[in-house]
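Protein chains in written order, with the numbering used here: chain R, 1 to 757; chain W, 1001 to 1279.
Derived from the structure by calculation, the hints contain no laboratory data. All C-beta atoms, glycine included, are put in the ideal place defined by N, C-alpha and C. Misleading hints may appear alongside valid ones.
[Stated by the list, open to error] Looking from chain R toward chain W, a few residues come up when the C-beta cut is under 8 Å (computed):
no.: 1; residue: L420
no.: 2; residue: E421
no.: 3; residue: N570
no.: 4; residue: V578
no.: 5; residue: N673
no.: 6; residue: E736
no.: 7; residue: I737
no.: 8; residue: P746
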Amino acid sequence: MNKAQLVCLILFSVFLNNNIAAQKSISFQVIDFDTNYPIQDVSVQIEKTKRGAFTNAKGIFNLNNVLDTRSLIFSKIGYTTQTIKVSDLKGVIYLEPKISALDEVVIRNFSSSQLKRVVPDQIYLSKGDIEKLPFILGEKDVIKLIQYTPGVQQATEGQSGLLVRGGNGSMNLTLLDNIYLHNTSHLGGVFSAINSDFVQALEFSKAGFDAAYGGRLSSVTNIQTLKPSDSTYFEGSLGLLSTKLTGNIKVNETNSLLLSGRRTYLEIFKPFFGDDTSVLGKDKNYFLYDFLGKHSLKLSPKSNLETTFYLTKDNFKDHTKGRSRNLEWGNVLFGTTFKHQFSSILSSQTTLSNSYYEFSFGDNEFPYDYNAKSTFNVLSLKHFFLWDKPNVYSLKIGADFNINKILPKRVNARIDEVPLEILNQETFSYDDFSLYGDLEWPISQKTKVKAGLRATSFFSKKNAVVDREHYFVIEPRVSFKYQFKENQAFKMSYQRLSQFIHQASVTSFSLPADFFVVSSNNLKPQVVNQYSLGYAFEENGLQLNSALYYKHVSNYTEFENGSVNNLFSNNIYNDILVGKFDSYGLEFSVSKKINKLTAQFALTLSNTIAEFDEINNGHSFSATFDRPINVNSIAHYKLNDRIELGALFLFTSGQNYTRPNDVRIINERPILNFESKNASRFPNYHRLDLSCTYAFKHKGKWKSKLNLTLYNAYNNKNPFQIYFSTEGDIDDTFIEITENRDNLFPILPTLNWLFSF
Amino acid sequence: MKIYYLLLIVLFGCENNNVILSDELTVEGQILEGEFARINLTNSLPFSGVIDSMEVARSMEAKAKVELSDGEISEILTLKRDDSRFPYLYYRSNIIKGELNKQYNLSVTIRGKEFKSITTIPEKVNVLDVSFSTWEEEGVVEPDYKDINFTIENNTDEDRYFKILIKNENEKRFEFARPFIFNTENISTNTFPLIVSYIKFNEDSGEKENHVRVGEVLELKIVSITKEQFYFWKSIEGDVTSPLEDSSFSNAVVSNISNGAFGYWSGESVESFKFEIPE
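Extracted from the complex, chain W is given alone in its bound form (with noise of 0.2 Å):
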């Protein structure tokens, strides 16, 4: 019997552990063209059932060391509160402003470990026309709901990434338009089209509701990001065209802060629109 017991040890003791990938920081930073850089730090919280607002409060990170640098000026960064989103504290710079061309490097230090990242900011989304064209599901036409058609200029020569933000006028916050993150890494030509919805999937009824809808008045971003930005909200999307519905597969999640921190830091230019949607 000896024999066995030393073939199950060999057998299961080798079993592996979970590799401890990322660090527990979690950055949010944006600079904007001709604005303050914004940075927002969390720890993570214990993926448990039920979260309370407590524990997302005591989340928040407000002793770290946050330095930003565009390789003529080094600043350090304030802690700032603003009750309007959260994390309601949150570290700004008050003297760099964002400029295009700029790489700026972020540095976080905390509990004795230094999170680096850079970045630069991209342009400002060209677009060259705004059109509604009626919404169409499956062949049959509904007359009281819209698409929102862009048509965007495309260098050819530059890769370039977006995001995309939308909300009613009377909603708090904006939420992930469809297609929320989106790229030319593929196209090939001067002008290309991109059509934008707002449709929230409804868990009560099992249906989609379109949320563009003739008469309401909606606010849209387009919001250059970068490259590294781009790919994490990838990653944090999944794989959304897998046929099999949230299977249990994740991606790593990609991150351009060093250290394992989660996140990302980003140049970002908005161009943003307000429009009532049309006949």
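Just chain R, with the same shape it has in the complex (with noise of 0.2 Å):
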């Protein structure tokens, strides 16, 4: 090009920025509703123009020069063609299958369409949605948003555990990579212990389970990590409060790697967190930290092999008041997967893993030195056949065999040296062998049904404590959905199901020091009767969902008095007291895309009531996971291409507690005598988090993003624990009784920077 040219060019360019300045190039993804999987080959053409592209195979297209007022045509055979003004278009735009019943556009809101399942409740989230969703001390932590979807609620400030429908933490079932993972939740809830950067998809059931899923009552979440990619790239970040980094490397067109790790690094900021009498207070230190390995072997275009290593570990210690307590817990998962597609219909898939959970605790304020550990290990084989003819039926056949080892606890005390003998100390084995089918089909043009069938055998082994046993249960679940509209549909669900491990919580709290113990000739398996209504609507833009639900559960237990006094018990089952609980509620969703604000609204009203016969003297009193009202809503505003906008507000009825009701006089001091269980409550909780991202202009393959998150913005101090300390004694002129609260988490900013390349 001689200088003529150049000065030409430069000149034609300063015309057209001049002159057309509503013209841009654009890029954007193409992604099936349904999947979540790019669409290749998608058309996209200007409209009223002969001008257009191809998507890539990751989806893409690229146009230049295209005017904002123009609309682009997304067509391929099988996808109902969406028409979309250029102004319009943010980041990805979802195809519908063509046989899908909706016929309209629907815009993706946070989670997919409840309209297009049969399941009520259900809720999908790909790694697209996980993006949108607000950040929440610098995570987009997906357990942790799934506390803010209806039904579900959290036990106290920063709980992480999910407590559905009234049920306690052992009712859930989590899977990764279809391999069970005991521990979900870290102390305090900062964090879960799934690394959201790994996940490439998320479902979660509260009911009308998947007969596939079996053993636990409340719900399921699945969770897949990533899939191997195309080409290599990590993303990371680097926060006030943790790190981490992730890599999906691939390794040759057969290889694929998935790295990722995280640690935190809390106790840099103690002194946010105040006093002693906060949970991380200047004489406590807490950090986690987490690795995840998958490696991906394409065996051929039919089969594949996938194995996952993935590692959590906690460590919290505690050394006010001249203690010197400890409490360490983490999970150690392996597993490996194996896929084959038979045919375009049948595929199949087998999974072996392991599954290893465990908890120690060491303390020296007891009148004893001491320690105890508690472990939980499945060892688990898993297959099934799916036949699955979109629109026309979907058959999965499949059975599973666990072999279960729980060792409740295992103490060693010694007082001076001397060591302490408690008896029965034993691990409790069991195994569970199931067969399952589940088939869903449309019955008529506006009815479909999915049904389930689950039978399992359930053989526990002798020893010490506990007679060898078996339990033959059969577990149906059903599902049907009537969309009597195109834009709206009731559906129904019924499921029975039972689980064979029990929870005995120590407090209130969901901590990983709970027990588990295996049901027994006198402790027989935990049953749930679960029925739910639910309602969906959707329009452009919107979703509307309602469910009703009830929900009754026998052979429900507890601890006498919590079960870390159970320590030192010789018999853990002797402490354990046998009840129920109803739980029923009415949950309710709204969901609304706007220009360029997306907004959800979720209220849940329930009532969760348990009865046992040796508590409150056979009364029926509040379940300590009750929470009669909750509030959730979350709102996501893109202001342009560089700033985006968050925002999430709680209200949650306080937990249940236990106060004080009256002042005994005994040994000449006063003492405390309480009220019958859970009469009371705390305050209402309600928190607002806000959150700024500022995307920086890419460079090549580099991509980074600043947040900014305000996590208790108004800096409501919501009580975590309360009690009750008394001075003065009956020589005084008088004596003062004082409530004191501890509060966890005060305003506190967290700043991320997230990066990929």
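Each of the two chains sits in its own frame; use the hints to bring them together as a complex.
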């Protein structure tokens, strides 16, 4: 190019910039609404022109010099054609399969359409969805975000364990790449055990479980880690509270690796947490790390093998008041899954895995020096065949075999170097074998059914405490969807499930120290009967869902006076109380996308009542995890291509607790006498989080963002625990009783630098 | 909208009320070997921020009919006064004195209700040896402070229960030692060590203070108590081993008095010690 040509080009460019300012180059991704996979070869045509482009293997297309006022027509055989104005395009375009009953264009909100699923109340989050969700303490924590959906509660401030429709934490089944994950929460719930950076998709169900899932009563969370990428990329973040890095590495055409690690360093920021009354006070220390490694091997175009290793570790030290308490807990998961596609309809999947969880706890403050250990191990083999002919039928038949070993407690205690004998600290073993079938099919144009049956045999092994026992249970589940209008449907579901392990909570906190014991000849399996009725309505950009549910759990267990008091028990089964609980409620959620704003509002009204012969003289009481009112709302606003704003507001009834009823004089001292169990409530919990993300200009593959999150923006003092102290005694002129409240997190700004390359 | 109102009524109309689990009467009754029975009766005080001394004084119960029987003799206890402790009005037997292997039936009648309880007197603790060891806190040796080490005889066929009280000779009242309550439910050897300390938590400094100091004279009581009294104290103590201190968790108090009265009626045997803490 000579100088004259160059000058002409510059002049031409200036001319263009001045006169065609509304023209731009665009690049977006097109994704299948149902599967969340990119769609290749989608025709993208500029309306009323012959110009256009096709999407590549990643579903991405590029177009240059397109007017903002133009519309683009997206079309591909088998998909509903969509026409969208260029100015309305926002990152991802979802195309729906043409066979869909819904003919209208639906713009995706925070989670997938409820209308398309037969099962009510199922939540599906893809990686794209997770990216749109707000930050909480600098993380897009998927487990915590599920807490903000209707029917799911958090225990107390900062808890990340899920409490679903009145159930406790042990009633949730969590699978990571089909491997059982025992503990999903960290102390104080600052982070969940799942680093969202490695999550490809997450499915959460609280009713109408797939028959492939068994052994838990309340919910199923199925997490799939990232699929192999076409090219190597890394993403991570560097923040005030934690650092993490995830690499999706393509080794060659057949091998790929997913590596992901995270480490917190809360200890540096302990001054934020105040004095010793805070759970993370100055004489306490807490850190966690986790690591995921996954190897994917493409054996043939129809077969692949995925091997996952996952490790989580938490460490908490408490050296306040001269104590020397140490708590450590963590999961170690290892498993491999073989998938084979026999034909376009038939596929199979086999998983062999082992999941180990260990909690250890030591203290020197007791009359004894002691340490306690609790373990939970599941060795599992699962296999299923799936015949899937979209919109005709979907049939899954499979079998699971699990070998379970549970050590509720092993306490080593010493008094002045002399060991204390504690009897019957046995490991409890049981095997369970299940056969199941699950069928989904349309019985008419408007009605779809999903029905499943799971038959499980439970064999416990004899030890010093329990005899050999066998239980056989049939677990039916059925869901109906009646889509009486194109954009409205009623849903119903029923399920009867059994659970062979029983959790006893230390306190109302979902601590990792909770003990698990196995069903025995005297302790029957827990059984739930749950009925759900749902309604879904969708219109362009609007999703409205509501559900009514009733749940009855029998053989529900609690330890008398908390499980830690049972550390020195010679027979842990002697301290178990068996009762029942009923939970019922109304759940409602609405989400709407209006231009650049996506907002979601969820309301749950519920009641959970427990009853034990030995507690409250047999009178029923509000279950510890009962929260009558729960309101969550999330908003996301994309100001421009650089700046995104997010907000999260929570309002929940306070947790139940037992307050002093009166004061008694014993041994010349005032002693607090407590009211009936859970008769009082903490003040309502409410919190607002705000976040702002600024995206820096892309430099090739290098992308980065800076995120500022304000946790608890208006610094509401939500109580984490309430306790009472008395001052003065009988000789003093007065006795003062004070109610003390500990708050976990004040207003907490976090800054995170997120990057990918 | 009607259906929503109906739902709200269904959902929130069933909120539980506090079920009254215990009577307002508090019983603190002991009978010691060779001594008359002593019963303190008080009524509950309202749970409010501040309770003044007048309210505390009014909590004493002096209108009850208290009856004691050992299976052979039965007597109505009389009201006595002892200004050295609270409640300064108490009921005392005048005939029945405590004996090992006897069963004592207590009956308290007030406000038209009768509260009953039964107890026996446990044997005294058999202390084989007492020694003092240097106090060590987190690996740091504190030569000016000691732990008190008892070697106690144990009958493995029988579970025993104790409470331990301690005070400096200059102090007026016995305090709870550490450990305060102790049992032999898990001990299968014929002897066992018991390490006792006298530690108070100083709210101002936020530190633990050891009161077993070299040169100080301490008085200590190892009181054999009944299983019922042990579990009463255990339920009062609450979940002391909870990893979260003073969490909002409370136990239902275990009482061996009928009709929901709070407290205990227990036989006791006391072994007393007084020593100057040596170098």
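Quick rundown of the hints versus the structure:
no. : hint : result
1   : L420 : holds (6 Å)
2   : E421 : holds (5 Å)
3   : N570 : holds (7 Å)
4   : V578 : violated (17 Å)
5   : N673 : holds (6 Å)
6   : E736 : holds (5 Å)
7   : I737 : holds (6 Å)
8   : P746 : violated (19 Å)
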